[in-house]
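Starting from the structure of chain A, add chain B where the hints point.
Number of protein chains: 2
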Amino acid sequence: MVAALGSWTEGSARGAIEEFLARVTEPNGSGHVEPAARVAVFDNDGTLWCEKPMQPQLDFTIQRLREMADHDVELRTRQPWQAAHTGDLTWLNEALIKHYRGDDSDLAVLMDGVTRAFGEISVEEYQQRVSGFFRTSAHPSLARPYRDCGYAPMAELLRVLDEHGFTSYIASGGDRDFMRPVARTLYGVPPERVIGSSLGLTYRAGAGRAELLYEPTMDFFDDGPEKPVRIWSRIGRRPILSVGNSNGDIPMLAFSELPGAPALRMLVRHDDAQREFDYDAGAEEALDHADRNGWTVVSMRNDWTRVFADPAAKLLGPMGRLPRESDVSDNDSRDTCG
Amino acid sequence: MVAALGSWTEGSARGAIEEFLARVTEPNGSGHVEPAARVAVFDNDGTLWCEKPMQPQLDFTIQRLREMADHDVELRTRQPWQAAHTGDLTWLNEALIKHYRGDDSDLAVLMDGVTRAFGEISVEEYQQRVSGFFRTSAHPSLARPYRDCGYAPMAELLRVLDEHGFTSYIASGGDRDFMRPVARTLYGVPPERVIGSSLGLTYRAGAGRAELLYEPTMDFFDDGPEKPVRIWSRIGRRPILSVGNSNGDIPMLAFSELPGAPALRMLVRHDDAQREFDYDAGAEEALDHADRNGWTVVSMRNDWTRVFADPAAKLLGPMGRLPRESDVSDNDSRDTCG
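Chains A and B supply the protein sequences, listed in that same order.
Residues 189 to 526 in the numbering used here are what the first sequence spells out, letter by letter.
Residues 189 to 526 in the numbering used here are what the second sequence spells out, letter by letter.
Next up, chain A with everything else stripped away, as it sits in the complex (with noise of 0.2 Å):
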């Protein structure tokens, strides 16, 4: 089968991307890219799956300090276990909106909370856990799984380009190891093409078998200025196409060009309050930079037909938790990898 844009209506931003991709792949025009520098980079939180009311990998991490706080109770009086024991979104939310605005004072109390969280554990047991996450957790109002609340437009975009001889990565902020095991099944985008933030991790070798554990501390922020370093260190390429819906997606989006090759930019533009969420908090910067620079704005409102794919939303259980795991197929009737 074709892959083809059919959750994009026919506006500027379909238009904008078909006539990019006639324009590298037309093999003697004046745009041509040969295929191994077709590379394209999305982040993922807001522009690939939904991030509010939180990000997925926030109530990961919430579920895990709720169960630290469930043990301890001196964690319940110190943020960020207060936060999760009582279930206050607001103060962990606007720990990244004040992120985005330059002011990570609360983001170091979360990401001081993270580290402890998880750090000691092999990638091997993360990534277990991680898989138990997306076969049990839902999103707390959408009525969908969380591995169904990644844009139907987008995955579409990346098959499109799968067949245009392109390859695509993901670069986020959010963390690398929490994406790569759900990133193929949302995605069709392997481990191995998975960008993101870390923790540092430590090799421990004795009489049993060789481990990775991870580490108590933040190796680096996958955001702002080093994303396109961490592009650069994993890729060795520039990318012609990126996709980024806030702020820290600005320094990727600009490093994004080849000399003499078309590049196409793009901002995810949440004004969508009926099928997701309208907000422009965080993304102002952005929406500037994308209006002096001629980079494409997908309004989720007007540009795309759906925003998830079927199958339709799914009857949740109390707290927005799935009731059974058998009531969740592992096969999804929507293949996203082609």
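Simulated from the structure, these hints should not be mistaken for lab results.
All residues carry an ideal CB built from backbone N, CA and C; glycine is no exception.
Where hints are given, some of them may not hold.
One-sided and incomplete, this derived list gives chain B residues near chain A with beta-carbon spacing under 10 Å [claimed, not checked]:
#1 V311
#2 E312
#3 P379
#4 Y391
#5 A398
#6 E445
#7 D460
Now the stretches of chain A that chain B is said to cover, found in silico as 3 or more residues with beta-carbon under 8 Å [unchecked claim]:
#8 360 to 372
#9 378 to 384
#10 392 to 406
#11 421 to 433
#12 441 to 455
Then chain B, alone, in the frame of chain A:
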């Protein structure tokens, strides 16, 4: 054409490779490994190409340090510029040997020079300098350009792995961005599959093009216990095949195994004074590990019918430099990129 191990003698090393490949690819066999998990990692210096009397990267660096000393008299009495200026390979090589033995004092002095030599230039400018080096520079004693100093049996192995559904990465202590411009020509390995050490990088956006510049500090040195860390960071999987040649490769080899799956760990032993070099310095502990853990030791003298591919040695001018750029074709008759 089906790739084959024609440069490998019918010995135990070739047998171990063939048995391993048969096991992991046998569709219903107990050792079957799905293609996505067929990940192979190769050290570079002394494993894929010649590292004596010095690593090609060191020669590249010496040329740059010599340039600096030519312009600044004061540098000529300080290491590493003094060694570069007087052509004192002993000091430089000893710095690396000491490192492999756990003494990093001279390596620190060398790295300080290296970081000063390449700080503040853009990633693209560095690429051009490296490409220029490989167009014009030759091995000091083997009478062949550096770009013909890759081991033919290893290039064959990489092609055989391609045909068996493997994805192969370079995982080297050498500078990542030094290997990238030539890894495809020498080994058929694209830049996104080159893992190695790196200087720090800084993003700079101004009125013109957004740039990435090297910082005058190391970001990390990808050797020893850092190798598994970098492999995981980049790939998100454990390898099942790994090849090295020195003590710094021990953690990488130990990390290369999946539960219940076959694993092949190999060490290239330099015991061929006639065709290449004969040395175990810096590999003593690794050879001991191989002996105790059943890792496969590849004897260059006994296991390889040839070390380097044709075309044979080219006539060199004074100082081991190629007489004219036009004497070196960009298109080798042997194209290793299947």
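Cross-check of the supplied hints:
For V311 (chain B), the suggested interface contact is upheld, since its CB lies about 6 Å from the closest CB of chain A, less than 10 Å. Below 10 Å, beta-carbon pairs count as interface contacts, and E312 (chain B) has one with chain A at about 9 Å; its hint therefore holds. Interface hint at P379 (chain B): satisfied, since its Cβ lies 3 Å from the closest Cβ of chain A, which is below the 10 Å cut-off. Hint status for Y391 (chain B): holds, given a least beta-carbon distance of 4 Å to chain A, under 10 Å.
With 10 Å as the threshold, the beta carbon of A398 (chain B) comes within range of chain A, its nearest partner Cβ sitting at about 4 Å, so the hint holds. Satisfaction of the interface hint for E445 (chain B) is found here, the shortest Cβ-Cβ separation to chain A being roughly 8 Å, below the 10 Å cut-off. Taken as an interface hint, D460 (chain B) does not check out: its beta carbon lies about 30 Å from the nearest beta carbon of chain A, beyond 10 Å. As drawn, the stretch 360 to 372 of chain A meets chain B at 3 residues by the rule of a beta-carbon pair under 8 Å; at three or more, the given contact holds.
Counting residues of the stretch 378 to 384 of chain A whose beta carbon lies closer than 8 Å to any beta carbon of chain B gives 4, which meets the minimum of three for the stated coverage. For the stretch 392 to 406 of chain A, the assignment as covered by chain B holds, since 4 residues bring a beta-carbon within under 8 Å of that chain's beta-carbons and 3 suffice. Residues of the stretch 421 to 433 of chain A lying with their CB closer than 8 Å to a CB of chain B number 5, which satisfies the three-residue condition for coverage. Requiring three or more residues with a Cβ within less than 8 Å of a Cβ of chain B, the coverage given for the stretch 441 to 455 of chain A holds, as 3 such residues are present.
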